[in-house]
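Engineer: If you use the numbering used here, the sequence shown corresponds to residues 28 to 98, in order.
Hints may be right or wrong, so weigh each one.
Quick list of simulated restraints, FRET-style, between CB atoms [to be verified]:
1. E55 - F34: 12 to 22 Å
2. Q54 - R89: 24 to 34 Å
3. N63 - R89: 14 to 24 Å
4. D66 - T92: 15 to 25 Å
Derived from the structure by calculation, the hints contain no laboratory data.
C-beta atoms are modelled at their ideal positions from N, C-alpha and C, and glycine is treated no differently.
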Amino acid sequence: MRCTHVFCAQTSCATPRQLADFIGEAQELVWLAHENEMDWCLCVIDVPETLSRAGLKWKRDRDPTIFRIER
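Please work from the sequences and hints to get the whole structure.
Structural biologist: Listed below in structure tokens is the structure:
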């Protein structure tokens, strides 16, 4: 099983910390497990819900573990 990744242009997010920095607020992260463990992989985050709450347009890649931000 592959870990989840979020891509936007040249930016890649693979941890909750990176995703929080990208969206601007750690409070916006929607946790599935290991809450506040910022250096785990993104599998602990509900990525679709987090991206939607942040107001970002996104789509899933053909690989379901990859999310691409549309800008």
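Engineer: Compare the structure with each hint and give your call.
Structural biologist: Results of checking the hints against the structure:
no.	hint	result
1	E55 - F34: 12 to 22 Å	holds, 18 Å
2	Q54 - R89: 24 to 34 Å	holds, 31 Å
3	N63 - R89: 14 to 24 Å	violated, 32 Å
4	D66 - T92: 15 to 25 Å	holds, 18 Å
Consistency note: the structure conflicts with earlier hint 3 alone.
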